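Peer 1: These are the residues of each chain, in order.
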Amino acid sequence: MKKIEAIIRPEKLEATKNALVAKGIVGLNVVHVTGRGVQKGIVHTGRTGERIEVDMLPKVKMELVVADAKVAVAVDTICQVSRTGNIGDGKIFIYPVEDAIRVRTGERGEAAL
Amino acid sequence: MKKIEAIIRPEKLEATKNALVAKGIVGLNVVHVTGRGVQKGIVHTGRTGERIEVDMLPKVKMELVVADAKVAVAVDTICQVSRTGNIGDGKIFIYPVEDAIRVRTGERGEAAL
Amino acid sequence: MKKIEAIIRPEKLEATKNALVAKGIVGLNVVHVTGRGVQKGIVHTGRTGERIEVDMLPKVKMELVVADAKVAVAVDTICQVSRTGNIGDGKIFIYPVEDAIRVRTGERGEAAL
Amino acid sequence: MNSGDTAWVLISSALVLLMTPALGFFYGGMVRRKNALSTIMQSFIIVALISVQWVLWGYSLAFGPDIGGLIGSLGWFGLKGVGAEPGPYAATIPHQAFMIFQAMFAIITPALITGAFAERIKFKSMLIFIVLWATLVYDPLAHWVWGNGGWLRNLGAMDFAGGTVVHISSGFAALAAALVLGPRVGRGKEPMEPHDITIVVLGAALLWFGWFGFNAGSALAADGLATAAFVTTNTAAAMAALTWMSLSWLLDGKPSVLGAATGAVVGLVAITPAAGFVTPMAAVIIGFIAPIASFLVIRLFKKWQRADDALDVWGCHGIGGTVGALATGIFATTLVNPAGANGLFYGNPAQLGIQALAVVVSWVFAFVVTFIILKVLDVTIGLKVDKEQEVQGLDLSQHGEPAYSAD
Amino acid sequence: MNSGDTAWVLISSALVLLMTPALGFFYGGMVRRKNALSTIMQSFIIVALISVQWVLWGYSLAFGPDIGGLIGSLGWFGLKGVGAEPGPYAATIPHQAFMIFQAMFAIITPALITGAFAERIKFKSMLIFIVLWATLVYDPLAHWVWGNGGWLRNLGAMDFAGGTVVHISSGFAALAAALVLGPRVGRGKEPMEPHDITIVVLGAALLWFGWFGFNAGSALAADGLATAAFVTTNTAAAMAALTWMSLSWLLDGKPSVLGAATGAVVGLVAITPAAGFVTPMAAVIIGFIAPIASFLVIRLFKKWQRADDALDVWGCHGIGGTVGALATGIFATTLVNPAGANGLFYGNPAQLGIQALAVVVSWVFAFVVTFIILKVLDVTIGLKVDKEQEVQGLDLSQHGEPAYSAD
Amino acid sequence: MNSGDTAWVLISSALVLLMTPALGFFYGGMVRRKNALSTIMQSFIIVALISVQWVLWGYSLAFGPDIGGLIGSLGWFGLKGVGAEPGPYAATIPHQAFMIFQAMFAIITPALITGAFAERIKFKSMLIFIVLWATLVYDPLAHWVWGNGGWLRNLGAMDFAGGTVVHISSGFAALAAALVLGPRVGRGKEPMEPHDITIVVLGAALLWFGWFGFNAGSALAADGLATAAFVTTNTAAAMAALTWMSLSWLLDGKPSVLGAATGAVVGLVAITPAAGFVTPMAAVIIGFIAPIASFLVIRLFKKWQRADDALDVWGCHGIGGTVGALATGIFATTLVNPAGANGLFYGNPAQLGIQALAVVVSWVFAFVVTFIILKVLDVTIGLKVDKEQEVQGLDLSQHGEPAYSAD
Ligand SMILES: Nc1ncnc2c1ncn2[C@@H]1O[C@H](COP(=O)(O)OP(=O)(O)O)[C@@H](O)[C@H]1O
Ligand SMILES: Nc1ncnc2c1ncn2[C@@H]1O[C@H](COP(=O)(O)OP(=O)(O)O)[C@@H](O)[C@H]1O
Ligand SMILES: Nc1ncnc2c1ncn2[C@@H]1O[C@H](COP(=O)(O)OP(=O)(O)O)[C@@H](O)[C@H]1O
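Residue numbers (my numbering), protein chains in the order written: chain Z, 454 to 566; chain R, 454 to 566; chain A, 454 to 566; chain W, 81 to 487; chain X, 81 to 487; chain H, 81 to 487.
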């Protein structure tokens with residue numbers, strides 16, 4: 454089992470989620486975050502015209518734990534769907550998972566997903 | 454040390470937190486997330502009666518880093534308290550942790566928890 | 454590659470972020486969380502003077518994935534800048550990362566950071 | 081007919097109309113996020129519901145031709161005969177102007193009760209309850225106190241703008257509701273904090289604004305009496321906001337904003353029956369006493385877990401209205417209002433007795449009839465949502481709409 | 081000159097002024113978070129824009145000395161000759177009071193259209209459109225229906241407070257706008273939920289409050305007629321809120337809060353042309369029919385993906401205004417307003433014909449001229465933001481300001 | 081006694097009352113989330129505080145029997161002799177109506193200053209400051225300009241609704257406050273963005289609405305003069321909103337919503353002293369000049385890090401009020417108000433001199449006395465919360481209540 458964390462553009466969330474379902478990947482969580490990367494921040498405007506540089510941009514983080522066999526397809530799907538080709542498309546990180554438990558039944562491991 | 458991520462029903466948060474304290478597990482963080490799983494989404498109603506299917510449900514994610522010895526009791530406690538037996542009770546995931554540092558003192562490892 | 458999760462005081466975020474940039478560490482995400490630790494909670498006041506004990510305090514969690522070589526400097530910088538010396542300064546946790554992918558280009562590994 | 085008086089009563093009616101949605105925000109900010117919209121909706125829909133009830137039969141029952149001092153006849157059903165000419169209640173304005181001004185009072189009174197129901201009542205049951213309550217409690221009580229021929233009016237009970245009819249009746253109905261409904265899930269164990277105190281203040285501010293229509297409009301003319309009521313209203317609200325804030329500061333170390341907003345409302349409640357009968361200095365005193373009474377009662381009452389008067393309607397309106405009605409019997413003076421009577425401090429202790437009688441009658445009548453209506457509804461269609469729905473929150477379970485969405 | 085009438089028209093003007101920002105909140109709560117501020121801004125800035133347009137040339141075009149029944153002359157440009165003495169439209173109030181009261185109508189009408197643009201129009205293009213629309217659609221239509229010498233007025237068309245001039249014109253302009261602008265990105269595929277229904281209710285409540293000025297103020301005096309309009313206004317709004325809520329309940333199982341708020345507005349729209357001509361019981365009927373018509377039209381129309389009338393302006397104002405204008409021809413009675421005429425039910429079927437003519441003229445005129453203005457703007461400066469800006473949201477892309485910040 | 085005039089002054093009083101909580105929202109939206117409630121509270125509690133101060137001694141000091149042109153006596157302490165009959169200031173309304181209308185001005189003036197304190201003042205010190213300031217700055221200045229016998233009034237200074245008394249006094253007090261308190265922690269280094277611009281717009285809209293009472297109510301009658309003031313008020317606000325928005329657009333590429341809202345308020349400020357003396361076209365000019373002046377001053381002043389006038393009170397009210405007071409001396413005409421005087425453009429340059437004198441006197445008096453009061457308080461009880469409390473935010477540190485909760 455691996456945990457996939459994908460930080461993507463908020464406007465791509467809907468499409469990405471749907472594409473994952475199409476590939477049989479349902480379970481996931483979404484958190485709204487603000488992120489900083491190569492992409493330069495955004496400028497807000499004050500009332501007397503002053504520039505307020507905001508270095509953090511709104512992004513969404515999708516977190517999904519999947520069986521090892523599904524990692525590749527999940528990563529590919531996310532990349533494909535949420536890519537715009539412009540800086541700021543985001544990152545995917547993959548982490549090891551030691552165990553998973555379904556709260557409702559106590560099932561463990563991949564059965565819990 | 455392990456990191457435990459428990460995605461549970463928001464209404465169970467209070468009780469779960471209290472139960473953990475009773476077992477001596479104090480330190481943790483809580484994030485509000487929206488999650489998707491087997492549980493089918495929720496239907497919101499528009500003003501002309503149209504159904505708006507929302508596939509993401511509000512959940513809370515508890516994150517706690519605990520000494521290896523406490524993993525079992527934490528998992529058991531969370532399962533017990535936040536179980537309702539209905540779909541949507543949530544998941545617990547366990548991850549390896551390489552190190553922990555207490556910002557205040559610089560202490561490392563389990564001493565930092 | 455490691456993932457660094459630093460839970461710190463919200464009021465230290467701005468300074469910590471800037472200090473990291475100065476050390477060449479740019480990419481990161483920020484999530485608002487509420488946390489519980491040794492630090493005792495906060496007391497809100499009701500209108501008839503009753504005490505409402507809130508055990509969770511607002512904190513921010515910074516998440517950054519960095520090359521192994523940069524872990525030490527990131528941790529040191531965060532500790533230095535966000536330390537006040539009072540209980541509640543927060544924790545840093547370090548996790549293994551198996552892979553990273555840049556959504557825009559498909560680059561993998563440290564090249565994706 | 082006087083155009084100045086008509087303008088004043090019409091704008092006052094608009095001001096009082098605004099109070100009920102304002103109440104929705106005052107209450108809505110105090111509940112948890114998951115119940116914000118349903119709480120606001122309770123007030124909003126009551127505006128609609130009672131507006132219709134009132135033009136159909138409510139006005140006729142309350143103010144129509146008297147039947148034995150107890151109730152108006154249905155002679156004015158559907159506003160029959162209620163037209164553009166002055167009616168029996170005000171000589172210088174159209175009868176319909178008086179009718180619509182009174183409509184706004186009939187609307188806000190049941191809306192006040194919803195604070196006791198908050199976060200757990202079935203929407204459908206609430207609608208039915210409100211129509212029954214308006215018809216069986218509000219309309220008769222309004223007739224007794226304000227209707228031509230009403231028995232309390234004939235006894236000489238004074239209630240300038242609704243201390244008994246509006247505040248005691250809703251406050252004691254709230255007490256009955258709290259008892260019948262039982263506590264919210266988790267009450268006393270989980271923190272149930274107001275989810276947005278800024279809109280509580282918004283609501284309180286709009287209530288204060290609208291209350292000028294409520295009290296000064298009750299003069300039914302733009303004259304010295306309206307002005308006097310305007311001044312006492314503002315003074316009592318101000319004094320009460322300061323007093324409640326100071327109490328929370330003294331007893332807990334911090335001046336509560338929610339307390340200041342609540343105090344203002346309690347001051348407005350307490351001055352309501354007295355507004356057109358007392359001096360500004362009496363208003364200072366009433367604005368000082370009422371929040372102390374409410375504060376202490378709520379503080380004690382909170383311990384009584386069984387009765388979960390979620391937003392303290394009984395403490396604010398029941399107690400505040402009682403203080404105001406009695407204070408009217410103490411501070412009233414014909415120097416302010418020659419058409420009124422003197423109170424205790426102006427040499428007429430009997431007035432205090434009459435006021436006390438009206439208070440006790442209102443207590444008992446509102447409590448008992450409300451209790452019966454609610455018990456009947458509870459047994460037949462059920463009052464409370466089931467536990468799961470309550471935990472999910474009423475916004476989603478009753479209306480299928482979250483108040484706020486993430487995007 | 082009458083001080084009561086003047087007070088009433090001035091306060092009514094203030095009430096109607098408040099309606100436009102209220103509309104901003106009503107609309108602003110219905111859009112997604114990223115467009116909240118820009119939507120509120122559209123209404124707010126229209127208050128500023130048309131206030132200036134009106135005192136410069138708008139008032140003169142609409143109400144100035146008649147030219148052939150079609151338009152006012154520019155003789156009153158810059159309020160020349162519009163002073164403190166009564167003018168030709170109201171004998172008991174200053175001419176400027178009539179002018180400023182009418183200004184508020186000229187402001188809210190184009191603001192209503194913005195609901196059709198929502199979430200995708202360029203701010204600059206919107207400003208230009210609004211000035212053109214006010215000058216080329218609103219001012220002439222107002223002249224036809226309300227101006228001395230206006231041809232529809234001379235035909236005997238009755239529009240108490242703006243069913244044709246305000247609601248049909250904005251509703252059919254909205255239809256044209258929805259067609260010219262095309263749908264929002266993601267429409268029909270992504271959930272586009274209202275981001276904050278509490279401020280939708282706030283907006284609806286303030287609209288209801290302000291509408292008393294709109295309708296009862298249109299009597300231009302504080303008298304029995306103003307009172308009658310006040311009562312029908314409140315009654316229709318109430319009935320319509322209940323009706324819409326019930327429809328959503330019946331058809332979907334849950335009573336919609338957004339529906340109740342929308343229903344109230346539709347009821348207010350429909351009673352607008354009828355307010356000073358019909359009885360309260362007719363208002364109950366109008367308040368029952370209008371939301372049913374709007375509800376069904378919107379439900380059917382939603383399927384037509386090409387026209388994305390984002391916040392249902394056409395369904396609410398175009399249809400609601402039509403129902404109201406026709407209902408005026410059915411329920412009007414000289415018992416309520418001797419200066420009016422009888423409708424179908426009071427023995428005068430011809431009035432319904434005249435009303436129908438005024439309705440169709442307003443439909444066609446508003447739709448066609450709006451369509452042309454928008455097409456011209458689209459070809460020249462462009463109407464819609466580009467896709468990236470739309471996805472980012474108008475708050476940031478047009479104004480550089482997020483509505484809400486995290487800290 | 082005239083019922084129309086009385087209705088108008090009473091409703092105007094209610095409108096002005098609403099302005100102070102509205103100001104709380106205007107300011108509250110501009111601060112960071114952690115200070116939202118405390119900022120709103122500052123305005124709300126000042127309503128309560130000054131309402132009581134005014135009926136006790138404030139009104140008597142400001143308007144009571146003159147002592148040497150400098151101050152009113154305490155002869156009207158506790159409203160002694162201020163009753164239902166007309167008083168010396170307005171012949172057609174009850175004396176108490178004039179008193180309560182003026183109360184609302186006395187309330188909002190100190191509340192305006194709180195924008196300079198925002199996000200760092202101790203609540204307790206603020207309460208004490210406000211009572212002292214009302215007594216030592218507002219009451220005397222109001223007496224000089226408006227009181228019978230006041231020396232500036234006797235010199236012929238014209239201030240229709242409070243350019244000097246309200247806006248210059250609060251604006252220059254704000255400047256002193258900014259200097260004495262020093263900057264907020266992190267100022268100039270951290271982004272300090274408004275946490276909710278929607279409620280800034282809500283506040284601005286309610287201020288605009290209430291300002292009709294402020295300015296048109298100052299006619300103290302429902303007549304042509306009130307109407308004229310109503311029209312100039314609306315026109316200047318509108319023009320100023322457009323102007324400020326355009327400035328931000330020109331200089332930064334994007335039209336600021338916060339700018340439009342601020343511009344409207346500055347326009348309202350600037351027209352305040354002129355409202356009942358100038359033509360609508362002069363209002364267009366005033367509405368054009370004032371926001372340019374404020375905008376530029378704020379832009380320059382922002383660089384001066386030492387003085388952190390957090391919400392630009394000095395730039396908006398101090399400068400806007402100054403522009404308005406001087407413009408009155410330029411554009412005033414007896415054609416609009418025969419009881420006034422002509423200004424420079426109508427052949428009376430002397431009036432501009434008198435206005436300039438009143439302006440400078442107000443600047444100096446407000447600045448110096450405020451500075452002294454604040455320095456004394458700073459040395460004795462301390463003005464600023466400590467750094468930790470400031471970083472935590474005033475909502476929690478001063479009131480123990482978060483504005484918004486997560487649940
Ligand atoms: N090292 C990192 N650790 C965690 N998140 C990161 C890291 N680098 C970037 N991100 C996230 O990815 C987002 C996009 O990154 P950015 O470098 O701007 O674009 P791109 O990935 O297209 O080069 C950032 O806004 C941030 O949320
Ligand atoms: N694969 C997964 N990865 C991460 N979170 C998941 C995953 N599957 C489910 N979840 C989270 O757990 C919640 C409950 O899961 P669900 O499948 O609906 O119920 P149950 O766990 O009772 O079968 C989801 O709403 C989501 O937040
Ligand atoms: N075991 C833990 N797992 C995850 N987060 C923790 C843990 N312990 C503490 N935290 C986070 O760190 C914050 C500070 O911890 P606390 O124990 O109060 O102070 P300190 O680190 O100074 O001893 C907490 O509010 C919480 O957010």
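Worth flagging that the hints you see were computed from the coordinates, not collected in a lab. What you are looking at is a predicted structure, and each value in this text was computed from that prediction instead of being measured. Heads up, a few of these hints could be off.
Stated by the list, open to error - The following label-pair restraints were derived from C-beta to C-beta distances:
| id | chain 1 | residue 1 | chain 2 | residue 2 | range |
| --- | --- | --- | --- | --- | --- |
| 1 | X | Trp384 | R | Gly541 | 31 to 41 Å |
| 2 | X | Ile452 | W | Leu154 | 53 to 63 Å |
| 3 | A | Ile505 | R | Gly541 | 52 to 62 Å |
| 4 | X | Ala430 | W | Met81 | 43 to 53 Å |
| 5 | Z | Gln533 | W | Gln469 | 50 to 60 Å |
| 6 | H | Arg386 | A | Ile540 | 51 to 61 Å |
| 7 | X | Met81 | H | Gln469 | 55 to 65 Å |
| 8 | H | Gly262 | X | Lys467 | 46 to 56 Å |
| 9 | W | Asp458 | X | Leu331 | 42 to 52 Å |
| 10 | W | Tyr426 | H | Val444 | 14 to 24 Å |
| 11 | X | Pro263 | W | Ile208 | 39 to 49 Å |
To be verified - Think about it this way: if two alpha-carbon atoms lie no more than 27 Å apart in a straight line, the pair counts; the simulated DSS-like pairs of lysine-lysine are:
| id | chain 1 | residue 1 | chain 2 | residue 2 |
| --- | --- | --- | --- | --- |
| 12 | A | Lys455 | R | Lys455 |
| 13 | X | Lys204 | Z | Lys476 |
| 14 | A | Lys455 | A | Lys476 |
Stated by the list, open to error - Away from chain W, derived, C-beta distances all over 10 Å, residues of chain R:
| id | residue |
| --- | --- |
| 15 | Glu467 |
| 16 | Gly480 |
| 17 | Val491 |
| 18 | Gln492 |
| 19 | Asp508 |
| 20 | Asp529 |
| 21 | Val534 |
Glycine is no exception: its CB is placed at the ideal position from the N, C-alpha and C atoms.
Peer 1: Hints first: check each against the structure and report whether it holds.
Peer 2: Now for the hints, and whether the structure bears them out:
Take X/Trp384 and R/Gly541: their Cβ atoms lie about 37 Å apart, and the range 31 to 41 Å holds. In this structure, X/Ile452 and W/Leu154 meet the distance hint of 53 to 63 Å, their C-beta atoms being roughly 57 Å apart. A beta carbon spacing of about 29 Å between A/Ile505 and R/Gly541 contradicts the range 52 to 62 Å that was offered as a hint. Here the CB-CB span from X/Ala430 to W/Met81 is close to 33 Å, at odds with the stated 43 to 53 Å.
Separated by about 41 Å at the C-beta atoms, Z/Gln533 and W/Gln469 break the suggested range of 50 to 60 Å. Checked against the hint of 51 to 61 Å, the C-beta distance between H/Arg386 and A/Ile540 comes to roughly 35 Å, which is inconsistent with it. Look at X/Met81 against H/Gln469: about 58 Å separates their beta carbons, and that is inside 55 to 65 Å. As the Cβ distance of H/Gly262 to X/Lys467 is approximately 47 Å, the hint placing it in 46 to 56 Å holds.
Taking 42 to 52 Å as the suggested C-beta distance range, the pair W/Asp458 and X/Leu331 does not conform, at roughly 29 Å. Evaluation of the 14 to 24 Å hint for W/Tyr426 and H/Val444 yields a failure: the beta carbon distance comes to about 49 Å. Between X/Pro263 and W/Ile208 the beta carbon distance is about 42 Å. The supplied range of 39 to 49 Å therefore holds. Taking the CA atoms of A/Lys455 and R/Lys455, the gap is about 15 Å. The hint holds against a cut of 27 Å.
Between the alpha carbons of X/Lys204 and Z/Lys476 the distance comes to roughly 44 Å, so the proposed pair goes past 27 Å and is violated. With a CA separation close to 17 Å, the supplied pair A/Lys455 and A/Lys476 stays within the 27 Å bound. The beta carbon of R/Glu467 sits about 5 Å from the closest Cβ of chain W, which is not more than 10 Å, so the claim that it is off the interface is violated. At roughly 20 Å from the closest C-beta of chain W, the C-beta of R/Gly480 stays outside 10 Å, upholding its exclusion from the interface.
Residue placement check: R/Val491 keeps its beta carbon more than 10 Å from all beta carbons of chain W (closest about 18 Å). Non-interface status of R/Gln492 relative to chain W is upheld: no Cβ of that chain comes within 10 Å, the nearest being about 13 Å off. The Cβ of R/Asp508 sits about 13 Å from the closest Cβ of chain W, beyond the 10 Å cut-off, so the non-interface label holds. Under the 10 Å C-beta cut-off, the non-interface status given to R/Asp529 relative to chain W holds; the minimum distance is some 22 Å.
Non-interface call for R/Val534 relative to chain W: holds, since the shortest CB-CB distance, roughly 14 Å, exceeds 10 Å.
In this structure, the earlier hints numbered 3, 4, 5, 6, 9, 10, 13 and 15 are contradicted, and the remaining ones agree with it.
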